[in-house]
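I would like the entire structure built from these sequences, with the hints used as guidance.
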Amino acid sequence: MEELIIYFLLPLGALLFALLAIGGAVFVAGIAVRWRGWAFATVFLLTVAASISSIVLSFRKLTMSEQGLMNMSDGDGASGLVSKLILMAVIGISLALCLAWLFDFNKKLRQHSRFTRRGLCAPNDIVIAFMVFFVAFSIVPIFMGQRYYFHVSLIYPFFIYLAMFLYLQVSDIDPVRISKYCLGALVFGSLAAAVVTPNAAFQPGYNGLIPGFNLRLWGVTAHANALGAVACAFFLMEMAEPEKKRWIHLGILFVAGVTMIMSQSKTSILAAFMGGTMITGMQIWNYLVAQTRGYNRNSSTFLAVLLMGFCFAVTMLGIWIMFSDVNLLTVIESKLDSRAVGDLSTGTGRLWIWSAAIKGGMENPLFGQGASFWNLENRLRMGLNGAVSAHNLYLQVFSRSGLIGLASLLAFLFFLIRYAMRASKATNGASLVMLAVLLVRSMTEVPIAPNGILGAEFFATMAYIFYIIDRGARPLPQSASIEKKRPVIFANGRFREQT
90 MEELIIYFLL PLGALLFALL AIGGAVFVAG IAVRWRGWAF ATVFLLTVAA SISSIVLSFR
150 KLTMSEQGLM NMSDGDGASG LVSKLILMAV IGISLALCLA WLFDFNKKLR QHSRFTRRGL
210 CAPNDIVIAF MVFFVAFSIV PIFMGQRYYF HVSLIYPFFI YLAMFLYLQV SDIDPVRISK
270 YCLGALVFGS LAAAVVTPNA AFQPGYNGLI PGFNLRLWGV TAHANALGAV ACAFFLMEMA
330 EPEKKRWIHL GILFVAGVTM IMSQSKTSIL AAFMGGTMIT GMQIWNYLVA QTRGYNRNSS
390 TFLAVLLMGF CFAVTMLGIW IMFSDVNLLT VIESKLDSRA VGDLSTGTGR LWIWSAAIKG
450 GMENPLFGQG ASFWNLENRL RMGLNGAVSA HNLYLQVFSR SGLIGLASLL AFLFFLIRYA
510 MRASKATNGA SLVMLAVLLV RSMTEVPIAP NGILGAEFFA TMAYIFYIID RGARPLPQSA
570 SIEKKRPVIF ANGRFREQT
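Under my numbering, the letters of the sequence shown match residues 90 to 588, in that order.
Since the hints were derived computationally from the structure, they do not count as laboratory data.
Treat each hint with caution, since some may be false.
[What the hints assert, rightly or not] Mimicking DMTMM-like on lysine to aspartate or glutamate, the simulated pairs with C-alpha atoms at most 20 Å apart in a straight line are:
| hint | residue 1 | residue 2 |
| --- | --- | --- |
| 1 | LYS448 | GLU466 |
| 2 | LYS355 | GLU330 |
| 3 | LYS514 | ASP263 |
| 4 | LYS197 | ASP261 |
Spelled out as structure tokens, the structure:
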């Protein structure tokens, strides 16, 4: 019986599975050609569904004990299977979409590019730069890293990223609007979870920014800081491109602001405050320039400079208010309990973490340590059990993938900066604000984590990137633009243009 299973049933099952996979890929590829305009939205929204379901179906409980915060899960295997099935669907659809694009020899998909319709070039340069960065960061260290480590999460995001970047070009729906839908699902879902299941949505016993409020909202994300990043992106997206109905616009800003405050994420609150101030200042600046056009140009320039100076002063005041009201000695004294001493002894300070990241990267400067450098076992060995990352994007990339990964990241950021600068005029400077928020966060966090597609930070970061790419594509050269001619008819013995 065992020989029958080994030599007949298992190969037969593998053959049937392969045939079903090929048939499914062909089926999805056919659908992609027919409904290409919905492919980008389908992949992005299904990824959000997989992210939310992985948290909701875990039935977690956030409690405080003598050892600190406890994140307990009551979910069984069946509940976790649902989120895995959704993720498998996302991977399968993405792979089929990539194959459909690859074998599109007649270029039927490319004929419907939203960039060509607007007289813009397809963003192939920045897409190639990002995919090269993904390969250098995730795949190359598998073979060339200091420590061999393999996991499927190092491979399958490649197809999801590629499918989203390719089908963003032919999306019938504005990619920025789709990004707002995804961010809104996380924000509104987190507030709903706070009402329905507060034990799973709130972290108790947190001494944060709000006096007397010792709760911290995690919502349907893996951490409060992740929710803060999502709410910040949702807030800035709505500030940059508001909804037509004013009550919806104000409602989104209010909900995003409340979510940020309840998450008590200092970085996100500061980024939203600075970004919102800059976007508002640019909008008022453009309004004043338009109103004073044709009058005194000196007065227009004076008002613009005065406005920008006011925005800068307000931003600096906000930073001072956020941090100056904190008595450092009081905070240190309050932290010197048994749990805080344990935290300090493990070296969770950023300087210690950065030092460990640099030291690890220098052991294999070209290709880094590999994906396992920041796992629990290695962190315990280094005495950094509380540091799940380098808390710096560039050191995170250097420690995991060395100079090769870091160079590819800088190349991608170079293209991203160019796109943001091109889009600054059309977006009233909002693209530069998105870029600035992303770069500021990269100094103390890891906003670009190519392998964490189910993390909430993924959606915030990709919302910024999609916004900059879609609004900042390069115009088509004059020689490549297609001149539309009037139809020609034959009459009276000669051809004439139809009027």
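Hints, verified against the model:
A hinted pair counts as satisfied when its Cα atoms are at most 20 Å apart, and LYS448 with GLU466 qualifies at roughly 17 Å. Note on LYS355 and GLU330: the hinted pairing is violated, with a Cα-Cα distance of about 24 Å set against a maximum of 20 Å. Taking the CA atoms of LYS514 and ASP263, the gap is near 19 Å; set against the 20 Å cutoff, the hint holds. With a CA separation close to 15 Å, the supplied pair LYS197 and ASP261 stays within the 20 Å bound.
Against the hints set out earlier in the document, a violation occurs for number 2 only.
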